[in-house]
Amino acid sequence: MSTSPKIQKEVIENCKAGDEKAFAEIVLHRQKKVFNIAYRMLGNSEEAKDLAQEVFISVFESIKDLKEEIKFDAWLTQITLNHCRNRWKYLKRRQYFSSHSLDDPIETEDGSVPRAVYDPSDNPEILFEKKMIQQWIQRGLLELKEDRRELLVLRDLQGFSYEEMGESLGLPEGTIKSKLHRARMDLKEVLERSTH
Amino acid sequence: MDCEQARDRFSSLWEKEVSPFEEKIFKEHLSSCPKCQREFEQFEKTMRWLHSVGEVEVPEGFLPELYRKIKEKKRAIPGEKSRGRWFHFPLSFKLPVQAVAMMAIVFLVLYLTKMMPMEGDRLKETKQTSSPLSVQEKPEQVLTQKEGEGERRALETPTETPRPKDVEQAKAPVPKEGKLEEASVPQVKAEAKKREAPARSAEAIGYQAVDSNKAARVKTPSPEPGKIERELAVQEKSLVASKPPQEIVLRISDRKKVISRLHELVKQFGGEVVTTEGDSFLASLPTGSFSGFEKELAGLSSSGKTDLLMAKKHATGSLRLEQGAKREEGGEKSKGSEGLAADTESRTIVRILLVEE
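Residue numbers (this note's numbering), protein chains in the order written: chain A, 8 to 203; chain B, 29 to 385.
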């Protein structure tokens with residue numbers, strides 16, 4: 008993960024040997040990334056927390072099977088995305104996201120705020136409030152297809168390089184670029200629709 | 029550059045991955061196309077909003093909760109784990125159970141509907157295979173069957189079928205019961221041996237030419253004394269019918285008188301009239317008294333003589349041989365039938381034809 012400092016090889020080896028301190032170090036270094044990917048993919052803090060903990064339990068159980076320590080971050084991202092996909096399917100089956108719409112009130116830490124029906128650009132004082140926009144974008148992301156949402160989350164929210172994305176998703180760079188562009192255009196359309 | 033090409037480059041332009049020349053062409057298109065310009069502006073806004081989204085903080089107590097979950101997992105015994113899975117994913121386990129139950133039902137139904145008739149077919153097949161025996165196999169089977177029957181009858185007949193000699197022996201005065209037992213047991217054994225001996229010899233010969241009718245006739249056991257007499261009469265008639273009769277043509281004048289006289293003569297010479305068909309009489313006479321009977325019959329004739337049509341000399345020896353052969357063929361001929369054979373050997377069958385002059 009580009010923004011996080013690289014975990015030292017020794018820490019990974021110690022974790023593989025069953026060192027709990029090494030595992031705790033890995034968790035502390037990567038918990039924010041894993042939690043944020045989960046949160047942007049699922050749009051719910053509680054679900055994201057539970058999922059992130061499951062990801063680290065999977066890491067704890069299966070890190071001994073990791074052959075190349077240098078690919079730990081790509082391996083961790085793959086585990087996170089797999090958990091997200093499974094959880095997304097699970098929640099979708101239970102119609103968890105059915106009532107969610109961009110027109111619904113936006114949930115913020117200070118409570119619900121009625122959604123503005125105007126173009127955000129028209130009322131910057133109200134609509135450009137950081138948390139509101141975050142929530143608004145989050146709703147837009149959840150309306151996208153899962154694979155396109157993944158690309159936006161990894162590249163535009165988490166700042167992954169194309170190389171890292173290629174390792175995590177198993178796709179060539181050109182494919183990732185074209186798909187990413189399609190995902191961005193989709194999000195633009197979704198957000199445009201919500202303002203009209 | 030057209031609109032589509034320009035819109036495909038939005039991401040590249042945003043990430044500044046286009047060459048200055050491409051950027052120049054793109055901007056020229058945007059200046060000439062307000063629609064694409066508006067689209068690009070919207071795209072830029074979206075990207076700015078997207079990149080303005082910051083990271084959220086991890087909820088407090090994330091790591092301790094994670095440790096607690098790991099410890100809970102560690103504590104979970106494998107058996108309990110599987111039971112938990114049972115509970116949480118009941119369908120994933122129930123499905124195979126249902127499939128197994130379905131398979132069991134299907135096999136049961138197949139067994140009840142198809143396997144049972146198949147066993148019936150197998151029985152039929154065994155019957156069929158046993159019935160069309162090959163030429164070599166059949167006599168062997170007949171032999172074994174006959175041996176079985178012969179042995180069974182040899183054991184059964186002394187007690188079940190009282191024959192004339194047995195009756196006589198039973199009637200004879202017996203001094204002591206112990207002696208009777210001692211005497212009767214060897215007798216029975218000897219008789220059984222006697223019957224077994226011809227039976228076996230007949231079986232040995234009989235496969236080449238088995239007269240099933242005769243064998244059956246002779247084999248037929250006679251459980252009651254009354255039945256024995258009836259059977260003897262029937263057998264006598266059949267034996268009489270099987271012999272070639274001597275024919276005597278009697279020229280008569282008074283028919284009624286001759287017929288009554290004929291009956292008297294037959295009785296006189298120890299014979300009997302077997303059948304009467306109009307002017308034809310079939311009589312059985314002792315061979316010894318046949319010549320006397322013939323002479324007396326000549327007396328009845330109006331011309332004083334009889335016409336002997338068939339060869340008078342009855343081949344008693346040949347008849348004896350024939351009877352012997354029959355006995356051998358039958359193999360299980362009873363003593364009663366042996367006595368009858370002895371009687372018929374010394375008898376002559378006479379067919380008397382009355383011709384009125």
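Please keep in mind that the hints were generated in silico from the structure rather than gathered at the bench. No experiment lies behind these values; they were computed from the predicted model shown. Check the hints yourself; a few may be wrong.
Restraint-style ranges between C-beta atoms, simulated for each label pair [to be verified]: (1) A:D154 <-> B:E72: 21 to 27 angstroms; (2) B:G89 <-> A:N93: 23 to 29 angstroms; (3) A:L178 <-> B:Q65: 30 to 36 angstroms; (4) B:L138 <-> A:K99: 41 to 47 angstroms; (5) B:Y95 <-> A:K78: 46 to 52 angstroms; (6) A:D154 <-> B:E51: 25 to 31 angstroms; (7) B:K101 <-> A:G181: 22 to 28 angstroms.
Using N, Cα and C, we set each Cβ at its ideal position, and we do this for glycine too.
Going through the hints against the structure:
Range check, A:D154 to B:E72: about 24 angstroms between beta-carbon atoms, so the 21 to 27 angstroms window is met. A C-beta distance of roughly 24 angstroms is found between B:G89 and A:N93, which places it inside the suggested range of 23 to 29 angstroms. The given range of 30 to 36 angstroms is respected by A:L178 and B:Q65, whose C-beta atoms sit roughly 32 angstroms from each other. A hinted range of 41 to 47 angstroms holds for the C-beta pair B:L138 and A:K99, which are about 43 angstroms apart.
Checked against the hint of 46 to 52 angstroms, the pair B:Y95 and A:K78 fails, with Cβ atoms roughly 26 angstroms apart. Checked against the hint of 25 to 31 angstroms, the pair A:D154 and B:E51 passes, with Cβ atoms roughly 30 angstroms apart. Roughly 42 angstroms separates the CB atoms of B:K101 and A:G181, a value that falls outside the hinted 22 to 28 angstroms.
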